[in-house]
Amino acid sequence: MNTEADSGTELTSQTRGQLIRAAVAGNFAEWYDFGVYGVVASSVAAHFFPSGDPTTALLSTYAVFALTYVSRPLGGLVAGWIGDTWGRRASLTITIVLMCTATALIGVLPTYAAMGVGAPALLLACRLLQGLGAGGEYGSAASFLYEHSSPRTRARNISYLVASTFLGVLAAVGVASLTSAVLGNAAFDAWGWRILFLLALPLGAIGIYVRLRVQETPQFRQLAHARGSRNQRATPIRDAFGQQWKTMLVFFFVVAVYALITPTVSSYFTTFLKGPGQMSSSDAYSITLITDGILVVAALAGGRIMERVGLHRLMVGGAAFVAVFSVPAFVIAAQGYVGGIVGGVILATGKGMLAVPAALAIAYMFPTETRVTAGSFAYNATVVLFGGSGPLLGVWLNSQVGSEYVFGVYLSAVALVSVIAASVGRLRLKHPAGSVSTLPAEGDAVAPS
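So in UniProt numbering, the last one in the sequence shown is 449, and the numbering has no gaps at all.
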């Protein structure tokens with residue numbers, strides 16, 4: 001199969017569409033699965049963490065949310081080893097099977113009333129499995145699309161992957177909003193939330209089917225051939241930490257703001273609207289639906305913009321936007337339904353500006369031999385520290401300080417760290433990694449900064 005990366009020529013629209021569908025279909029399913037928990041957190045809290053204090057129950061629910069992130073770097077290493085040793089298709093298939101199975105199981109778990117402490121323990125086990133799947137998905141999918149694309153179209157193709165992530169979360173919010181409206185808030189909180197988790201099975205089956213129908217990337221095929229001809233054993237984990245640790249460190253802080261704002265918009269913001277914003281579930285879900293819809297458009301636009309301005313400039317610009325406008329966004333969002341929409345749009349704009357450069361950097365900054373391993377681990381390490389703790393910290397800060405803008409201050413501070421890191425590591429963001437040992441340097445690049 002001829003590919004852009006093989007020959008430097010354009011893919012046919014049919015082949016290009018098939019490759020994009022393979023990446024985005026599974027990615028959509030996985031991020032629907034991962035997003036559902038955050039969307040229905042307040043409903044889950046009552047069934048698995050009963051408490052006389054709703055804040056305590058919600059903190060317990062988000063603690064499980066945070067602990068799930070701990071397994072993501074491990075998932076990144078496992079999927080990375082598979083992807084850099086056996087191929088991108090292999091890691092993509094394993095991650096979606098893990099994610100969809102764990103998600104569907106949550107939909108049939110017994111509650112605390114039926115099983116006692118075993119219920120939250122099983123919930124945690126399922127969430128840890130979800131974390132393993134999520135940890136390997138994004139790096140594998142980004143590498144798959146990156147290596148099937150020419151330098152001219154990489155940003156645009158990655159934007160479809162990013163958009164599918166937001167569409168997955170958007171679908172979770174949409175199904176939650178529709179189910180809540182049809183069943184009523186009481187029935188939804190009692191049992192209707194389970195429907196969202198069970199939908200993982202058909203979505204996952206579609207994703208697996210599409211992914212099994214595409215070929216391996218040209219760069220990995222070249223890498224496998226070079227290893228075979230030299231009788232060279234793949235050691236991606238050792239090579240990633242031995243040769244790429246400086247780049248991984250730069251990446252960690254550059255992407256910190258995106259790692260934090262992602263659960264802020266997709267999960268915590270809904271809780272914020274229902275808490276300090278004092279909105280009903282249906283109103284909060286409808287606002288989140290609007291903001292996630294904006295994210296899809298922003299991601300697609302971001303790919304085109306980055307083709308013109310480059311990864312570095314868009315990353316710095318997005319982080320600076322978040323640093324300036326996070327506090328006003330939360331202050332405005334606490335002022336009622338219209339304020340919630342405006343605040344959500346502001347946060348979604350910042351997240352949309354960061355999404356494509358963050359995803360492209362996973363593959364762009366690391367060489368072929370360690371691309372999935374180094375990219376996945378570095379991405380998920382920053383997600384653990386900043387993303388996993390975000391909703392938990394938000395609920396805790398609001399309960400302690402009682403101010404609608406306090407979490408915005410924290411988000412702004414992390415954004416400033418990313419601006420500084422992007423400036424310090426600008427050379428790594430301006431020039432793509434090629435291959436460090438078994439392949440000749442590729443010399444390709446996206447639009448210059």
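Please note that the accuracy of each hint is not assured.
Derived DEER-like restraints, expressed as beta-carbon distance ranges [unchecked claim]:
hint: 1; residue 1: 191; residue 2: 118; range: 17 to 23 Å
hint: 2; residue 1: 297; residue 2: 205; range: 27 to 33 Å
hint: 3; residue 1: 297; residue 2: 70; range: 29 to 35 Å
hint: 4; residue 1: 228; residue 2: 121; range: 29 to 35 Å
hint: 5; residue 1: 209; residue 2: 282; range: 31 to 37 Å
hint: 6; residue 1: 229; residue 2: 205; range: 48 to 54 Å
hint: 7; residue 1: 229; residue 2: 112; range: 43 to 49 Å
hint: 8; residue 1: 97; residue 2: 17; range: 42 to 48 Å
hint: 9; residue 1: 324; residue 2: 403; range: 17 to 23 Å
hint: 10; residue 1: 335; residue 2: 181; range: 39 to 45 Å
Hints are computed from structural coordinates only; laboratory data are not their basis.
Note that beta-carbon positions come from the ideal geometry of N, C-alpha and C, so glycine has one too.
Would you say the C-beta atoms of residue 209 and residue 282 sit inside 31 to 37 Å of each other? With Cβ atoms ~34 Å apart, the hint holds.
Taking 43 to 49 Å as the hint, is the beta-carbon distance of residue 229 and residue 112 inside that range? Check failed, 58 Å falls outside 43 to 49 Å.
Note whether the CB distance of residue 324 and residue 403 lies within 17 to 23 Å or breaks it. Roughly 19 Å apart at Cβ, these two residues keep to the hinted range, so it holds.
For the range 48 to 54 Å, tell me whether the beta carbons of residue 229 and residue 205 fit it or not. Violated, since residue 229 and residue 205 (Cβ atoms, about 38 Å apart) do not stay within the stated range.
Using the C-beta atoms of residue 335 and residue 181, is the stated range 39 to 45 Å upheld? violated (24 Å)
Take a look at whether the Cβ-Cβ distance between residue 297 and residue 205 falls inside 27 to 33 Å. For residue 205 against residue 297, whose Cβ atoms are near 29 Å apart, the range 27 to 33 Å holds.
Given a hinted range of 29 to 35 Å, is it respected by the beta-carbon distance of residue 297 and residue 70? holds (33 Å)
Given a hinted range of 17 to 23 Å, is it respected by the beta-carbon distance of residue 191 and residue 118? Roughly 19 Å apart at Cβ, these two residues keep to the hinted range, so it holds.
Tell me if the beta carbons of residue 228 and residue 121 are separated by a distance inside 29 to 35 Å. The hinted range 29 to 35 Å is violated for residue 228 and residue 121, with Cβ atoms some 45 Å apart.
If you check the beta carbons of residue 97 and residue 17, does the distance land in 42 to 48 Å? violated (24 Å)
The earlier numbered hints that this structure contradicts are 4, 6, 7, 8 and 10.
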